[in-house]
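Each chain, written out:
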Amino acid sequence: MSVVESNSDFQPTVLAFCCHWCTYSGADLAGLNRMNYPANIRLLRVPCSGRVNPQYVLTAFNKGCDGVLVCGCHPGDCHYVSGNYFAKRRMMAFKRLLEYTGLEPERFQIRWISGSEAGKFRDVVTQVCEEIRALGPLKHSASFEAFAEQGALGTVNALTPANKAEEVVEND
Amino acid sequence: MTDTAPSITREQTARVQTARVQTTRVHTALFAEVTQKLRLRAKELLESGEVVSVIGWEAGRFENQTTPAFITDANKVDRLIFNEYCANTLGKYVLSEKLDGKVAVCVRGCESRGINRMISDNQLKRSEVYLLGLPCPGMVESPEVSHASEPSHAPEASSKLLSKCAFCTHRQPVVFDEYLGTCEATDETLGGLIPKPIDPSERFSDVEELEALSLDERNAYFEKLYNNCIRCYACREVCPCCTCRECFVDQARAGWQGKQNNLEENRFYNLTRVFHIGDRCVECGECERVCPMELPLMKINRKMVKDLTTLFSVPEAGLDSETISPLNTYDVADLEEYL
Amino acid sequence: MSRIGVFVCHCGSNIAGTIDVEQLAQAAREFPHVVHTDDYKYICSDTGQQSIKDAIAEHKLDRIVIASCSPRMHELTFRKMLESTDVNPYMLEVANIREQCSWVHKDKDVGTKKAIDLVKMAAAKVDHDAPLFTTAIPINKRALVIGGGIAGMQAALDIADAGYPVTLVEKEPSLGGKMVMLDKTFPTLDCSACICTPKMADVGSHPLITIKTLSEVEQITGYVGNFEVTIREKAKYVDYDSCTGCGLCETKCPSKVTSEFNQGLGLRKAIYTPFAQAVPNKPTIDAAHCRKLLEGKCGVCEKVCAVNAIRFDDVDTTSTETYGAIILAFGYQLINWQELYGEYGGGLYQDVIHGLQFERLLNASGPTEGHIQRPSDGAEPKTLAIIKCVGSRDPHKGRSYCSRACCMYAAKHAHQYLDKVDGAKCFIFYMDVRCAGKGYDEFYMNTQHDGATYLRGRVSKIYEENGKLVCLGEDTLSGSQVRVDADMVVLETAMVPADDANRIGSMLGVTRDKDLWLSEAHPKLRPVETNSGGIYLAGTCQGPKDIPDTVAQASAAAMKVAILFNKDELESNAMIAQSNSSLCNSCGACEAICPYQAITLEEITRRENSVMVTRKVSKVNPSLCQGCGACTVACRPGAMDLKGFSDEQIMREVDALCQW
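Chains as they are written, first to last, in the working numbering: chain A, 1 to 172; chain B, 1001 to 1339; chain C, 2001 to 2660.
Heads up, a few of these hints could be off.
As the list claims (entries may be wrong) - Distance condition first, Cα-Cα at most 20 Å in a straight line; then the derived SDA-like pairs of lysine to any residue:
id, chain 1, residue 1, chain 2, residue 2
1, B, 1098, C, 2608
2, C, 2619, C, 2597
3, C, 2619, B, 1246
4, C, 2619, B, 1227
5, C, 2106, A, 76
6, C, 2616, B, 1330
7, A, 139, B, 1324
8, B, 1098, C, 2171
9, C, 2106, A, 32
10, C, 2524, A, 10
11, C, 2616, B, 1242
12, C, 2616, B, 1324
13, C, 2616, B, 1322
14, B, 1125, C, 2600
15, C, 2616, B, 1096
16, A, 139, B, 1227
17, A, 63, C, 2658
18, B, 1259, C, 2610
19, B, 1098, C, 2616
20, C, 2616, B, 1246
21, C, 2171, C, 2212
22, C, 2113, A, 10
23, C, 2514, B, 1096
Said to hold, decoys possible - Output of the computed footprint for chain B on chain C, the stretches with three or more beta carbons under 8 Å from beta carbons of chain B:
id, segment
24, 2578 to 2591
25, 2629 to 2639
I should point out that these hints are in silico values taken from the structure, not numbers from a laboratory. Glycine included, C-beta positions come from ideal geometry on N, C-alpha and C.
Let the hints inform the model, and build the full structure from the sequences given.
Here it is in structure tokens:
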């Protein structure tokens, strides 16, 4: 099971792809106002949320990030006219895909934060870091065997003929 | 996670398949007639020099099995056949054949949508192909190559629709130069001979069943899938959306696609593949059919198709060659969930 | 092998107070390819910058990481500093350890640990930085102004006065646009022609302005500084070089046609100048009504012309020229109310007219010589109903927006009518009265003192009864039904975009809003620019406005052109997209996505696998690309990459963060 009981000591690594024109300057403003937020967040500056390739998100998870945040300008405010609209469609589809294939929704989040929304930046970062801290580290190893033993996944065993030969017994 | 977890994958597909069994047997006459017309037209097209090659099917090594045929000699058109075992979707073969001249290709629903796909992706010009429309009642599994649970060679066992045909929404070609069928090209029931194909809205039923599982169950399900993937890239090779000159997986770039065969890299591959094609997938199901590990790839593909369809109300892909991918456009009125 | 130098700034105690800068510098020394690290009190100071320059020379550094304040603060400062060294200014990364670390994390250990991560990421990125260069884009210092109304004329005059040649394209036979049709202008009641025609004459005689009337822009390609524009000049059938504009041909021409200039209320000839003060003041033949051109008979004009200026064999000509900047000033048209307002008769009643027609009736050089006579029988209307917001603020029938100028010209119409007709009654149906502007509200109040009756409510129906036009409406202030038996009705109809808006807008990549007005780059801070470089907006093509606003915007647009032309060349952005043609599979997704139309598919022929192959590949125009990178994600094979924020660099940053 991937959810660990208590994770108060766990320090997740959370990577935030931030648009230079909005969220990155919002974070600068938060600094100027000496706001406090969890130190688990690492900002990676991109020119526009439209620059964020879903492959980066996958790589981040593969390399060991526990959570990924993608931030851009509010719709209609894109410095480059339309980048965040494309980003929005891509991320809407990709986030659903990741969740469908078993990623906790909290681990991959998208938010629009403008250059003046320092408070929102602080709140979002705090919330995201705490949610991921509660989830614990991203686990990579398959929990399939655990489910298979409980017989709960039943027909998942029928995934491939090869599996079927091995596992058909406990399934039926 | 209880034992009421819905049955999924092959068994669920089997329900759809079984519901559509018997009909295919009665089409012997139809197949014979279409095969005759096809050979005749292929001969004429080759002899007149209008095309340099005709792509269709010919008998395979085993009975009840076919293999793609590339006929360039008018005297060899009799090799062409059309029967219920024509499992291969042919569209993508055009890309390599067209280098020598105009190509005639047999198109059913799946092939024609693939052709449209390649035209809209600038891989093909409509003028480079001659499309021979065929009436398709849906193809059936071939017993020799099937891994059905009871390995029987009895003819009854062969009457199962292919999984990809069970989920097909457009059996008849959506674009063609001439139609070799007996009824209207728009008649999805072939004059009442076969049941109507499923309604497009029903094709996400298996995705919905998976969505209903718990997160952990889904995680386990897909990790199993990734673990079993051998990354042979057969799914990519047959896909009419996959027309890159050098696929991202073949490029040596940091963080792009690791070469190891492990869970992480296999997940990276499978999810990136879906993201690359999901906005344009014509749902021919060929990737799933050719997968040597029999991974239920359409269950991931269709998830993205389903989301894009419901979020941005896009039509089914490949019905024409004009519609722009939903990820290459936007609407300021798009649903907002990231404020 | 790259040689990276890492410089950590204390920023006084701003950074050093909560981050162990020495530990940070020490940690950075261990990162791959880092050959030198150091820390300073204030790196941005002159001495700080000098010490970096010294270190570059001493340690042969070829790329630099500066751990300091936000790159939004000093990235440009440091780039400028690098210009005087051997290091390319783009081989620089700034790790933001002040705003996003020392200022927000109070615990020194935590802050230092995060700062180390941030420097790691910067070091990993800088290791894959490539030298970048800007390119110089030449500027053709000639401007094109599309539309010869007051906006276009003002813009053309201003640019020409600044010393740059201008071509002014007008699709009608004369300059002047809508303004010259007006009788008087609010709130000062200047004669419109008296202030407009001198401008026309100035434009006509300005040595740097080339006027092309009866002309349309057919095609525009290119980009800022270098637009290739094809202009079609329609056949005028008169040789303007020899024509003296004596007007004899016009008096002798036997064909009479409804006058467009008089809004259908008067007649003109088949060979005509649209109005007396037209610029150019020379006639043109309307081929659709000329007997000679239609039937081969007549030819009177040719016979009477003393200078043999008539050319029945004249044809359309097209010319292609290069311009550096384009001002769009093609204005508006009035909404087609006949189509939308069946309840107002839909054009059935001759005496229901729109505001511009009323202007012509008021005008001393108009069809009635300034006498207010209704079109049906020429009688002077004793009761006038004016209906505002016909098509404006009416999302169910017309447009949802306010057309802005109508409140004022409705008041002006009432004032002029009450002034000219003795014992007249004037009723104005309105929704709101919006008179924001210098002297505007005072003008409106005066109109009420003149005796105009303002009724708050829409008119629901107009029908004819006993020779009167019955207007049924509502007075929402008294809550009662109102019936006005009018002799004539004036509809103050909505402004809508000209037909050209969509065609020219899409040709230039200028976005249109929901109502098809052209969109400015920023509604507040860039009101005359568009998202396409070198293309500016003037007047009502951008949205409804009155004359003062139009003129102000035209001068602003002209100023933007002058600023552009003041330079000899433009510097392109260095951090732009770049396509790898060997990977590009010509799918065109990048082209579809680019908001600046900077990407085109171009055919290339090259040897591939020992065969000559011709195929299309995407190409980025460095003058247009702004470096957003949206195209890179759409590119599945990864052929499109963004310089300065490349896939490789971003992946390396992730890698460094997680695995170093």
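Task: Violations among the numbered hints, reported as their numbers in ascending order - done: Violated hints (numbers, rising): 4, 5, 6, 7, 8, 10, 18, 23; every other hint is consistent with the structure.
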